[in-house]
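Visitor: Listed below are the residues making up each chain.
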Amino acid sequence: SGGGGEGGGGGDDDVAITMLPKNLGNPYFEASTAGAQEAAGELGVAVDEVGPDAASPDAQVPFINTAAQQGVSALVVSANDPTAIGDALEEARSAGTKVVTFDSDTEPQFRDLFVNQASAEGIADKQLELIAEQIGGAGEIAILSASANATNQNAWIALMEEKLASDYPDIELVETVYGDDDDQTSFDKTAALLQSHPDLKGIVSPTTVGIAAAARYVSTSEYKGKVAVTGLGTPNQMREYVEDGTVEAFALWNPTDLGYLATQAAAALVAGDITGAEGDTFEAGRLGEYTVGADGEVLLGEPFVYDASNIADFDF
Amino acid sequence: MPNAAPMLRLEGVAKSFGPVAALRSGTLVVRPGSIHALVGENGAGKSTLVKIVGGVHRRDAGVVELDGTPVDFGGPAEAKAAGVAVIHQEPASFPDLTVTENIYLGREPLRRFRRIDRRAMRDGARELFRSLGVDLDPDRPAEGLSIADQQIVEIAKAISLDARVLVMDEPTAALSAVEVRRLFTVARGLRDAGRAVVFISHRLDEVADLCDTVTVMRDGAHVSTDAVADVTPDELVRRMVGRDVAELYPKVPSTPGEVALRVEGLESTGTFHDVSFEVRAGEIVGLAGLVGAGRSEIARAVFGVDRYDAGRVVVGGRVLTPGDPAAAIAAGLALVPEDRRLQGLVVESSVARNVSSVALRRRRAVLLPGAEAELARDWAGRLAVKAGALDADATTMSGGNQQKVVLAKWLATHPKVLIVDEPTRGIDVGTKAEVHRLLSGLAAQGLAVLMISSELSEVLGMADRVLVVREGRIVAELDRAAATPEAVMRAATPGASAVAEGGAA
Amino acid sequence: MSLLRRREAGIALALLLVIGVTTVVQPGFLFSAGGWRDLLLTPAILVVLAVGQAVVVITRNVDLSVGSVLGLTAYLTGRLFIDAPDLPLVVVALAAVAAGTLLGLVNGAIVAFARVPALVITLGTLYVYRGVTLTWAGSDRIDAGDMPRAFLRLGTQQVLGVPVLTIVAAVVLAAVAHYLHTSRGGRQLYAIGSDPAAAALAGLPVRRRLLGAFALGGALAGLAGVMFAARYGTVSSGAGTGMELQVVGAVVVGGVAIFGGSGTVAGAALGAMLLLTINRALPVVGIPDFWQRAVVGALIIGAIALDRVLATRRSRRLAAARDADPPGGTTAVGPAAPGPDHDRTRTEEATA
Amino acid sequence: MRSHARPWWQRALLTREMLTVAILVVAWVVASATVRGFDGPLTITYLVLDIAPVLLVALPMTLIVATGEIDLSVASVVGLSSVTFGLLYQAGLGLWAALAASVLLGAVCGAVNGALVAYAGLPSLAVTIGSLALYRGLAVGLLGTTAVTGFPDSWTDGATANLSESPWPVVTLGLLALAAVFAVLLHATPFGRNVLDIGRSSEAARFSGVDVRRTLLILFVLSGAVSALAGVYYTLRYGSARGDNATGLELQVVAAVLLGGVSIFGGRGALHGVVAGVLLIGVLGSALRLEGVTVNVINIVIGTALVVSVVAPRIAGGVRVRRRASTSPRDGSAVAQRS
Ligand SMILES: Nc1ncnc2c1ncn2[C@@H]1O[C@H](COP(=O)(O)OP(=O)(O)OP(=O)(O)O)[C@@H](O)[C@H]1O
Ligand SMILES: Nc1ncnc2c1ncn2[C@@H]1O[C@H](COP(=O)(O)OP(=O)(O)OP(=O)(O)O)[C@@H](O)[C@H]1O
Ligand SMILES: [Mg+2]
Ligand SMILES: [Mg+2]
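Those protein sequences? They're chains Y, A, P and X, same order as listed. Per this note's numbering: the first sequence = residues 1 to 316. Per this note's numbering: the second sequence = residues 1 to 505. Per this note's numbering: the third sequence = residues 1 to 352. Per this note's numbering: the fourth sequence = residues 1 to 339.
For the record, the hints were derived by calculation from the structure and aren't laboratory data. If you're wondering where the values come from, they're calculated on a predicted model, not measured in any experiment. Every residue gets a Cβ at the ideal spot worked out from N, C-alpha and C, and that includes glycine. Among the hints, erroneous ones may be present.
What the hints assert, rightly or not - Label pairs and their computed distance ranges (CB to CB):
1) Glu-161/Y with Gly-302/P: 35 to 43 Å
2) Ile-287/P with Gly-174/X: 34 to 42 Å
3) Ser-154/X with Asp-170/Y: 45 to 53 Å
4) Val-174/Y with Arg-313/P: 26 to 34 Å
5) Val-24/P with Leu-173/X: 54 to 62 Å
Start from the sequences and build out the full structure, keeping to the hints where you can.
Guide: Take a look at the structure:
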């Protein structure tokens, strides 16, 4: 696609936005990019998706550099590392590019705006609620996360650990393992978890790849129905397991909306409607008006719970 | 029989490798029931001709006929299928396979469902070895076979093909006398069965002994073909070399100086024991013995490429650190090893780099362009090395020239002591004489030379003193006068019967 | 041979040891339906890959593109289920295997005909095949829902307590092992790996054999792709990334000489099982997640070192044998040796 | 006797290395002409910053491959040194102290590989696949989920700042210097000659008094040390020390080295070719990204380039192929040994 080239052509008259997810081949980001395209259509701006095949910061940097070279109007990025891509982002900004992070943030000074899918607390609480009710409020649980350095996952896990200590005395978090957002690794880690903790009651996986792999393993093992699996997942990936009863319920915001909102925000920045300062407000198409919160955060909303009753209504 | 229709006929066959014209016009007519000798200097093109017959190379021009029908083999397999068996100059066995598998590879006897019939295969191998009169374990891997044994396996393989035409490229180079005789018996058997046999060797005595017809090649072209009875060996040599060979052993008597190399009680379990000797400046000391006696191992240990368990080596008063060739070289020691293609040269490197590889690299911290060529031109000149250019790969040279490059490489280091192991193995008479003249010349200039050779006549012809090695021990020291063939062989061979048999031979 | 067998016995022993120790720590590792199943099931895919890789390595080559081939064929499998829902499972599987064979043939053809090192070529095709998958799949991925239940069930189904995939792997192993040991072609693969130049000189159909080896490797990678889809139920464009090193590691641990000519597919299979079983055992015995790779690495090195020790012993034994009762070459030398020397002297005097 | 079979210009230009150089030049020209934004100053800056680690590691790798060996553990050493550097910084060490310590550790990692390959005589491909896992395991083990960040700008500037107003990053100087050192080492010193000889016939080298084992050990130590240096650069450039830094770099490096015309069998190779190979990969990547081409196509292009760069000369010099093939079996095998 020569889209980038066109973008490079005139960052001034027609607005070009580059969408840079953690990595390609991830349905979650496929959905968010779809949202971005939707917004782009409405706003009449060009959106290009680029990205590495592996979710590592050093692989992300060249794409940021390229965006800077092309002088695109805005860069919408989900950070693989809070600091590692910082310099690259700063350079892009000094070249006049607006930077919006979504889904996974960098340190605030590196971007203009962070479009947050849901407050970290909200996400942590929701997942604990789900697992608690699924295992009857007591027993051993484990966490299957993404990569060991994933900013948002680590933030949520930290919060969950606090909450567990304070509000769920009977639930014990026995281990946290990392599936690197890779199907196979996550799958094998799940097997290992169940192997090494025979009394495990539930698995929380705050990442769409992880929860699907965990559900897949449990659904085909004798743990099905005995070990609860929940966390953050996309309906299409989880439908199978919700229908066969492996998974009772899981949470997620709508990634399409997230991409949509991020793009709207980026456009607003480019248009100069907002600067990213606290209190700025902007009109985000079908999602209505949003207000920029403390250190440049825009909050999409609370996570949404999917279960057998409603999963049929979604397709992403 | 000699006037029967030819079984194998080559006419004006040519083959070039890039710039090198290996074979200009090879002509060879071999009749059934005949053993046909093919002789020529190193680089005359013998092996190339053989490789064309064997389907290894494709000819550029000329005709090859088998039983009167023209053939053009696309590969060794086709040649085999057509009934041509070739024993190549370099034995090529598969170290990881057993001796038996090596012999029958690709032609294994099969049972039902095309499964290999291992028993039949093993029995076949046993039978072959019996006919060759050697006892090799058919089930042992080829790994670690001595050169001689590898050659035996090659021969067994060729015979098992039961081919109409059998070509042997210097099969006897590494064989012991007994094996040579058994091989000859087999060859005669094939001849009497009406097969055609081609035999390549630098040993004219063997040619006289075995063959009925002899073809001489020079510079890639056919020179002459006669009945062996009709030509004298020296006539053959004259045709091979194209000129009269100077005195083969131009030994200039020299007056030994002080001790240059002293070896004291060298010991290496399983290979050699309590080896002690001296070599003085200006003298040539011969190390005689049967193949496999351990002479090369002694040489390698002295030079430091092999470690030894006890004893010490002293060069020019300096005791050498064991297993450290660099130290040996620094002390003024040089070794021209047994296998020039594998040990003597980096054949993929240019003549210039090979010649300068030791001398220059020890002296310079930085190598400026041209420095190597300079040194190489000097020495290549002195030794009359024939090569296209100084930056030509050593691969493209014939055996003799490669050996000269090895010598140049070591002489360039101005050694005090020079050890040469089989300096003329597989080298033609002409080059041989040059090498000998060179060695005695160097000795006359005060170089201490230790010469290992399996050619008794060479040792006797060149050495001031002869040390005889038997089963890894020095069993005799004979000065030039006392060193008669009988005396040396008596010392070299276990069992007194040796001499009697030897005389009979 | 006997020594090679001992080599495999060594790995098998190590495997049993690992299982034993882990089971003591955590009985469920072996004595639970799931434990038993995973013990057999987890290595199945890597075993199939290792068998294919072993055949290639035995010919003194290597195929680094297997991970990418697996990814491509796994995705193809899923795609077929989506785009041609009424194709029978067998056809889909065969299609994937065929695709794998084709990709293997491409490697083989370049290596055999252009006479270029396999390491370079397959490193190149590693990138190319992966790129093709990424282009084709984009962000799209195959979810469990997209594949027929019957197919997914194969991923975990058991017959008499043995998982289907394990049976598949076992059959593959047996077939290839039998071919290598008892057929002419099989022995020629060893010969080619043992000394390629000599193989050419001996007139072996080197090119055909190499093509065959790479094709087989590709076919098995394709089969592994199908197994991958069935087992993991989700296929993204990144499936099988980085697997090549794991496979080569398994083969090496299994005692297949990286320089070709020796080793058995059984060894390679055992190597694969050992690696993955250790992987699963480490967390059970309480090695924290992060340190596990380090242990695996140390294990690989250890295995190679062991190989070396055994190999050295072997050649020492052979050398000893040669000296003890020197065979053909060196035996009968004694009595008659003077013969030719006399003759030779005569000739050369004549020449003078 | 003539010292050369061909005139100097043929020897200089008709080489495998020059093929890569030529492709690089063409790629650069075409890109500048057709790709929007490629001729901008940023291109150079980013190009240098991106290829720096690959180039660094490629330098010693060239010599190792030239001996017929290979070191696949380099990327893991980069990761491990990045982690060590980070931890030492946390521990309060100064820049140079931390750097020295990391490089030293890298040298030790290399020494372990070297000892196993040279003195235990194990195949380097297998050994370094093992140590690849081992060193990476240590790296992630040491840091776990955390990443060390917040290095002072005075440190990071060294890795990212430009030379005054020029588009050239400071590191360019270091890269040039190091490249020059390795070029001299390989092409103009006895050590370099010995390295090539070992690649062609280590047996013959040994008989010429070359200490093959020591040479190999030195090379692996160099490889480890330079990889560690790359690790430090990596850490400072991204301002973040992580266990998974530079994962997969080893294949990029090997690809670049082979693209640069070094024979995987050993015995042949030149540094200018390798530098060109590294640059070529960098230029292709940056040009294609500017064109909005996604990573998958970039992979395809680089992979194809690698294959073609090896196959093309073979087909061109078919004569040479046949000649090499027909040299004596013993040598043939000696060469093929290292395939
Ligand atoms: N593969 C090759 N490439 C280039 N030149 C070659 C090749 N093989 C042989 N030659 C050259 O062809 C000529 C003939 O070589 P050939 O081996 O046939 O000689 P020969 O008669 O067998 O010598 P020798 O008695 O030493 O075996 C030599 O000059 C050699 O350098
Ligand atoms: N190819 C080989 N590989 C390993 N060992 C060998 C080989 N050939 C011979 N040997 C062993 O090495 C010892 C000495 O053999 P070698 O041939 O070096 O003796 P030699 O006196 O040098 O004979 P020559 O120099 O005439 O070949 C013997 O024990 C022999 O069995
Ligand atoms: Mg010859
Ligand atoms: Mg010898």
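Visitor: Now tell me if each hint is right for this structure.
Guide: Taking the hints in turn, this is what the structure says about them:
1. Checked against the given bound of 35 to 43 Å, the beta carbons of Glu-161/Y and Gly-302/P, roughly 37 Å apart, stay inside it.
2. Look at Ile-287/P against Gly-174/X: about 39 Å separates their beta carbons, and that is inside 34 to 42 Å.
3. Roughly 51 Å separates the CB atoms of Ser-154/X and Asp-170/Y, a value that falls within the hinted 45 to 53 Å.
4. For the pair Val-174/Y and Arg-313/P, the beta carbons lie near 47 Å from each other, so the given range of 26 to 34 Å is not met.
5. Between Val-24/P and Leu-173/X the Cβ separation comes to about 59 Å, which falls inside the hinted range of 54 to 62 Å.
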